[in-house]
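Heads up: the sequence lines are chains F and R, in that order. Those letters in the first sequence? Residues 1 to 431, by this note's numbering. Those letters in the second sequence? Residues 432 to 740, by this note's numbering.
Hints in this document: simulated from the structure, not taken from any laboratory. Treat the hints with caution; some may be incorrect.
[Said to hold, decoys possible] Distance condition first, Cα-Cα at most 25 Å in a straight line; then the derived DSS-like pairs of lysine-lysine: (1) F:LYS222 with R:LYS583; (2) R:LYS497 with F:LYS222; (3) R:LYS715 with R:LYS734; (4) F:LYS19 with R:LYS559.
[Said to hold, decoys possible] Partial selection, computed: residues in chain R whose CB lies under 8 Å from chain F: (5) ASN482; (6) ILE484; (7) VAL504; (8) TYR509; (9) GLU513; (10) ARG514; (11) GLY515; (12) LYS518; (13) GLY523; (14) TYR528; (15) LEU529; (16) ARG531; (17) LEU532; (18) LYS533; (19) ALA538.
Just so it is clear, CB atoms sit at the ideal spot from N, CA and C, and this is done for glycine as well.
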Amino acid sequence: MNNLNLIIQREYLARVRNKTFIVMTFLSPLILVGMFSLIAYLSMLNNSETHTIAVKDDSDLFKGEFENKEEIDFVDVSSISLEEAKLLVKEKEYYGVLYIPNTQDNVELAKSIRFFGKEAPSIGILRQIERTISENLTTRELISRGLDISQIKAAEAQVDIRIENFEGKRTSKMSNYIKMIFGGAAGYLLMMFIIIYGNMVMRSVIEEKTNRIIEIIISSVKPIQLMLGKIIGTSLAGITQFTIWVVLGAVLLFITSSLTGMNLMEAQPQMQEIEQVSNGEIQQLIIDITNLPILTLIISFLVYFIGGYFLYSAIYAAIGAAVDSETDTQQFMFPIILPLMLGIYVGFFSVIENPHGTVSTIFSMIPLTSPIVMLMRIPFGVPWYELAISLIILFVSNAGVVWLAAKIYRVGILMYGKKPTYKELYKWIKY
Amino acid sequence: MDNLLVAENICKQFGNFTALNNVSINIPRESIFGLLGPNGAGKTTFLRIINQITMPDSGVVYLDGKALHPNDVGHIGYLPEERGLYKSMRVGEQALYLARLKGLTKAEAKEQLDYWFTKLDIKHWWDKKIQELSKGMAQKVQFVITVLHRPKLLIFDEPFSGFDPVNADLIKNEILQLRNEGATILFSTHRMESVEELCDYMALIHESNKLLDGKVDDIKRAHKTNTFEVGMNPFNENELLAELKSNFKVGKAQFKSLSDDLKLSIQIKPNESPNDLLQYLITKSRVNHFVEVVPSVNDIFIKTVTRNE
Numbered sequence: 001m002n003n004l005n006l007i008i009q010r011e012y013l014a015r016v017r018n019k020t021f022i023v024m025t026f027l028s029p030l031i032l033v034g035m036f037s038l039i040a041y042l043s044m045l046n047n048s049e050t051h052t053i054a055v056k057d058d059s060d061l062f063k064g065e066f067e068n069k070e071e072i073d074f075v076d077v078s079s080i081s082l083e084e085a086k087l088l089v090k091e092k093e094y095y096g097v098l099y100i101p102n103t104q105d106n107v108e109l110a111k112s113i114r115f116f117g118k119e120a121p122s123i124g125i126l127r128q129i130e131r132t133i134s135e136n137l138t139t140r141e142l143i144s145r146g147l148d149i150s151q152i153k154a155a156e157a158q159v160d161i162r163i164e165n166f167e168g169k170r171t172s173k174m175s176n177y178i179k180m181i182f183g184g185a186a187g188y189l190l191m192m193f194i195i196i197y198g199n200m201v202m203r204s205v206i207e208e209k210t211n212r213i214i215e216i217i218i219s220s221v222k223p224i225q226l227m228l229g230k231i232i233g234t235s236l237a238g239i240t241q242f243t244i245w246v247v248l249g250a251v252l253l254f255i256t257s258s259l260t261g262m263n264l265m266e267a268q269p270q271m272q273e274i275e276q277v278s279n280g281e282i283q284q285l286i287i288d289i290t291n292l293p294i295l296t297l298i299i300s301f302l303v304y305f306i307g308g309y310f311l312y313s314a315i316y317a318a319i320g321a322a323v324d325s326e327t328d329t330q331q332f333m334f335p336i337i338l339p340l341m342l343g344i345y346v347g348f349f350s351v352i353e354n355p356h357g358t359v360s361t362i363f364s365m366i367p368l369t370s371p372i373v374m375l376m377r378i379p380f381g382v383p384w385y386e387l388a389i390s391l392i393i394l395f396v397s398n399a400g401v402v403w404l405a406a407k408i409y410r411v412g413i414l415m416y417g418k419k420p421t422y423k424e425l426y427k428w429i430k431y
Numbered sequence: 432m433d434n435l436l437v438a439e440n441i442c443k444q445f446g447n448f449t450a451l452n453n454v455s456i457n458i459p460r461e462s463i464f465g466l467l468g469p470n471g472a473g474k475t476t477f478l479r480i481i482n483q484i485t486m487p488d489s490g491v492v493y494l495d496g497k498a499l500h501p502n503d504v505g506h507i508g509y510l511p512e513e514r515g516l517y518k519s520m521r522v523g524e525q526a527l528y529l530a531r532l533k534g535l536t537k538a539e540a541k542e543q544l545d546y547w548f549t550k551l552d553i554k555h556w557w558d559k560k561i562q563e564l565s566k567g568m569a570q571k572v573q574f575v576i577t578v579l580h581r582p583k584l585l586i587f588d589e590p591f592s593g594f595d596p597v598n599a600d601l602i603k604n605e606i607l608q609l610r611n612e613g614a615t616i617l618f619s620t621h622r623m624e625s626v627e628e629l630c631d632y633m634a635l636i637h638e639s640n641k642l643l644d645g646k647v648d649d650i651k652r653a654h655k656t657n658t659f660e661v662g663m664n665p666f667n668e669n670e671l672l673a674e675l676k677s678n679f680k681v682g683k684a685q686f687k688s689l690s691d692d693l694k695l696s697i698q699i700k701p702n703e704s705p706n707d708l709l710q711y712l713i714t715k716s717r718v719n720h721f722v723e724v725v726p727s728v729n730d731i732f733i734k735t736v737t738r739n740e
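Next up, chain R with everything else stripped away, as it sits in the complex (with noise of 0.2 Å):
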């Protein structure tokens, strides 16, 4: 497959604490990688071994086949956790600053700008003093100072944390649509939803080490429990729940319904079918629902996580 970045057996120490222990992640080029993990477990260590902000013990990062190079910032955009502007600079001379940092001329990072700024209708606000802002706009120049250079990797370090709804679906919907001009992402969570909602690939990191990674539908897949929501009205009720329990592992369910049903989860072993589960309720019910339960990016974390203690 071919990876925009490969980072291999990342280790890295501060004093007698592990931050990352032998941590390997392959990141696919134009998709989108959530970095999942509880807070401290060494998501942003990582993200600043590859933005070279940090050095790692050992290990190797690599970005387009050739090992990171400190010229390489000008493909990296980074947005950290700890983000901020200078507050008494104007809103254009800023950016043309830090765009400039990231080796851009003064007229790419002029146009550059002007596209941004049009595109996110805050033309007006160039000569503005960032303290004259508000907290939500400044969030909107900072984001726009992230992939102003036009980077192949943009990284984001908690993305939504810290900005207003409006902002992050605004944000989400910017980085759902860089992904489709070519750029990679990468982005670290606590917060599971996202990961469900935008990523297409993931890696899990709890306490310094790397617990699972791979494509998000295959991580479902692989920790799916063939369980199935049923919602019926039995013709006897009590007759099929002692005949489902004593052929299934049956529990009670929760879901939204119109009718006045039974709930129930009902889970198959591996080698059955569900066409004969739903055969069988349908001679003894009237079936108004049937779902296959799809493990949350929540579920798998927490039982990754605790299987790992």
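Isolated chain F, as found in the complex (with noise of 0.2 Å):
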């Protein structure tokens, strides 16, 4: 235990001392934000750019109907041919040009607009001409027809549907999103925490066979102290690093906001549809993040943290225990990298489809899976049973793929200038 102790210690310090590390912890929040704020600026750019669109309105049916907006102007050329008109957009670099044809038929004139330009126009700008239009057309084919709009309009009904959970809980329908945002970014730090820190244990492996210092530590350890030693080193540094990073990010997104004085929550694009949602809605938003599952979820993450990284970092350590130098681990990579892609793709596409469907059930169980799907599932709820179930799976075939994997590393660590296969290694579990 006093050595397991030890070798902690200095996996934990020979990582958090290693000068790339140092640069990336402290530079990764740096790069992060950065991009941030420049999308955010370039996406500010692109909607601060104003288009002007010529109109050629022959139906004379849309005098003053089309406004000018922040990102358009209408400039009615009616009163030039269209050839001139599209002349004239060429020569003053309008973005396009608007040809409503002279016809009385409202249906016939809907199928008959044109827009020129010299590349397709964005599709927001067109939604909006189209809406427009569209208004305007209906509301004169109404009353062509003899109807009366303002009875129409007074007829029309506003339905908002209320949901609430069997405890009379209201929700807010974002909080299907919202729930898939936690979830999806919970589920994702787990699998590029196991990727990155794997690989950690893995390099940190073959630097000890390569410094042939391997066998002089196993004369006072055993094989397997060494193996979880570094393990829990590697991913407390990591732990360490995402501290650091949670902390920074925050602290560095707090003052770039300030300073440039901008909203960069304003730039994020699944916040356009809250702005069309009522005042009330967004409380009930803040409401259902607080109504989240929130202590289950931190709880759940550490546990499947733990049971995810220590099923995976073994795995990690044998193949870095098998290996001579880390290009010869390529044949070994796409078994691991497989299953966490699956659990990602099946989370972001069948959990959010249906959270306690079949397939999301299974995977949450498989054991290579069950770290990210299950904690997509959880904001969702996920009865208590199941989560029992899935760990108890998670940690028995933890404990023997962690035997497995020291079998391997205990042989492997020794063996030098040989390139394994899968039937070697095989052979190694049985030694």
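Bring the two chains, given one by one in their own frames, into a single complex with the hints.
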């Protein structure tokens, strides 16, 4: 036990003192924040660009209907011919020409409107124009059929379905998105952690092998102690790095947003949908977030993190022991990445579609994918017995995998100059 | 006899390959024991079994009369053939770490390190990283790390391979001194000269089997050929040669001599006395040189190996 502590200490310090580790720890949040700021800035730049659209309205129905907005200016060019209008647009570098022909029949007119431009117009602008024309034409058609517009307006029903669960708690329609974001982020974070720090464990095993210090160490400690110490020490270094990232990221985000005066939140796309939601809904949203099983989420993140990370790190350590250099690891990488990817994809497609469907449930039981898939399911509420079964499977298979990995590790660290095959690894297990 | 280490009937197989076949070896206390054998004979596997790095398929190893236990690592110091250190770790920190893995407390480890670093005059390396040291310097550090915890049993696998001559000599003297201070030393080598120089006992392993073992002097005695190298100026060379050849096995010999000698190697029968030979020779020539040929370990090695093939 004492030796395990010593090994954990050394592995932790070796990781944390590494120059690349230090540089990456402090540079990554800068890069990330820089990237976000750049995206935010660019999308702001994009939005602030004004497009001028020439309108040639031969039908004379839309005089003053097209209102100038922030990003679109409309110029009336009805007095000149279409060809002249096109030339004018080219000359003045307008966005395009909207051509409304002179047709009396509304339905016919709706089909014959054209837009001429150097390139295809953005969908957002096209939608706005379409909506304006379509509302106008619908009203006209209704009037021409002898209907009273004011009556129709009065008859329109605004439907807003309130969603409540059986305990009577109100949730907003956004709640599913929130759950998805929280669950997805947790699952994704776990996958990144496994890949980054699993690789670190593997590299450090290879380093010990190439440094030829391994035999000196295992004449003092059991190989499994060394392996476990390495995995634990590296994971602690990882947790340190993540903590620094979270703190630094928050501080940097705060500084940049207050310095540039721009609201980064507005730049994020999903927030546009929120804009359309009423104030009451936003309040509901905040209640939704606080209603999430935050404590369960944090605890299960930790538990699944420990289980999943140990499972994969043990495999990474065994691979590191089996090879002589990092270039030899390629053939063993695919089987590791595959279940991780599968977990993420099942999470993003199946869990969001149907969090408690058969596929989601099965994948949240299989130990190689359960940490990711279950984490994504937890915000949607998972019965405790399913959690228990999934965790039992995870930790039992964990013990098995660590045991197997330790066997490969024990033999592998003393093997030099052999490029192992899967068959060879199987033989090592039996030694 | 009082043995520190007793290995009984050790067998080890890797798949279809037999690394050790029923090998038994006794290592007397406070001796230097040489494990001899060509490359691939099974020496390293044997040393790894003593270090509990590899488990034997069958057989038992006793240290101090008790079957080997995981806690015994503190009583053993091991310098493997494949040796190295963490490149980016500082010398002092690394030595402390490895000493503490052997069960020393931090204070004990520091005290011992201080003693050894002062003795080998490498104290100023404490804060250097291994990658800043030359190979020879790293070897010194490795040696210190091996002996730091004052183990009863020191095991060196090919200690002189990779060491430069200066360090090899230094290590040799330290090994002798450690033996005199009460440690028992086991080392493996395929370099026979080092056995001649250092070892009190030896064992010969060839193709997974132990071919012979015992006290080096006893083994040499058992392998003596009753051959004498003679350097002389005969009064009548032809007559002497003819007489010698009719009574003994005579060959040409090679050795250094100041006078212009006739150099011969003469083998007498086991029941004959060298005195009789010498007395006869004195009457026939002026004898400058008369030495019994002691078989070298190398000769014994080659003879034993070829006899068993």
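Hints versus structure:
1. Proximity of LYS222 (chain F) to LYS583 (chain R) is assessed by CA-CA distance (about 21 Å); at most 25 Å being required, the pair is judged to hold.
2. In summary, the hint linking LYS497 (chain R) to LYS222 (chain F) is supported, as the alpha carbons are separated by about 20 Å, within the 25 Å threshold.
3. Using a Cα cut-off of 25 Å, the hinted pair LYS715 (chain R) and LYS734 (chain R) is violated, with the two alpha carbons roughly 35 Å apart.
4. Straight-line distance between C-alpha atoms of LYS19 (chain F) and LYS559 (chain R) comes to about 17 Å, which keeps the hinted pair within the 25 Å bound.
5. Residue-level restraint check for ASN482 (chain R) holds (minimum Cβ-Cβ distance to chain F is 4 Å; threshold 8 Å).
6. Given hint, ILE484 (chain R) at the interface with chain F, holds; its Cβ is 5 Å from that chain's nearest Cβ, closer than 8 Å.
7. The interface hint given for VAL504 (chain R) is met, as the beta carbon of that residue sits about 5 Å from the closest beta carbon of chain F, less than 8 Å.
8. Interface hint status for TYR509 (chain R): upheld, as the beta-carbon distance to the closest one in chain F is roughly 4 Å, under 8 Å.
9. Using the Cβ-Cβ criterion of 8 Å, the hint placing GLU513 (chain R) at the interface with chain F is satisfied: the shortest such distance is roughly 5 Å.
10. At about 6 Å, the closest approach between the beta carbon of ARG514 (chain R) and any beta carbon in chain F falls short of 8 Å, and the interface hint on this residue holds.
11. Because the closest C-beta pair between GLY515 (chain R) and chain F is about 3 Å apart, less than 8 Å, the hint holds.
12. Hint status for LYS518 (chain R) relative to chain F: holds, with the closest Cβ pair at about 6 Å, below 8 Å.
13. A distance limit of 8 Å between C-beta atoms decides the matter here; for GLY523 (chain R) the minimum to chain F is near 13 Å, and the interface restraint is violated.
14. Residue-level restraint check for TYR528 (chain R) holds (minimum Cβ-Cβ distance to chain F is 6 Å; threshold 8 Å).
15. Satisfaction of the interface hint for LEU529 (chain R) is found here, the shortest Cβ-Cβ separation to chain F being roughly 7 Å, below the 8 Å cut-off.
16. The interface hint given for ARG531 (chain R) holds, since its Cβ lies 6 Å from the closest Cβ of chain F, which is under the 8 Å cut-off.
17. A distance limit of 8 Å between C-beta atoms decides the matter here; for LEU532 (chain R) the minimum to chain F is near 4 Å, and the interface restraint holds.
18. Because the beta carbon of LYS533 (chain R) sits about 5 Å from the nearest beta carbon in chain F, less than 8 Å, this interface hint is met.
19. Proximity of ALA538 (chain R) to chain F is violated relative to the hint, the smallest CB-CB distance being about 15 Å (cut-off 8 Å).
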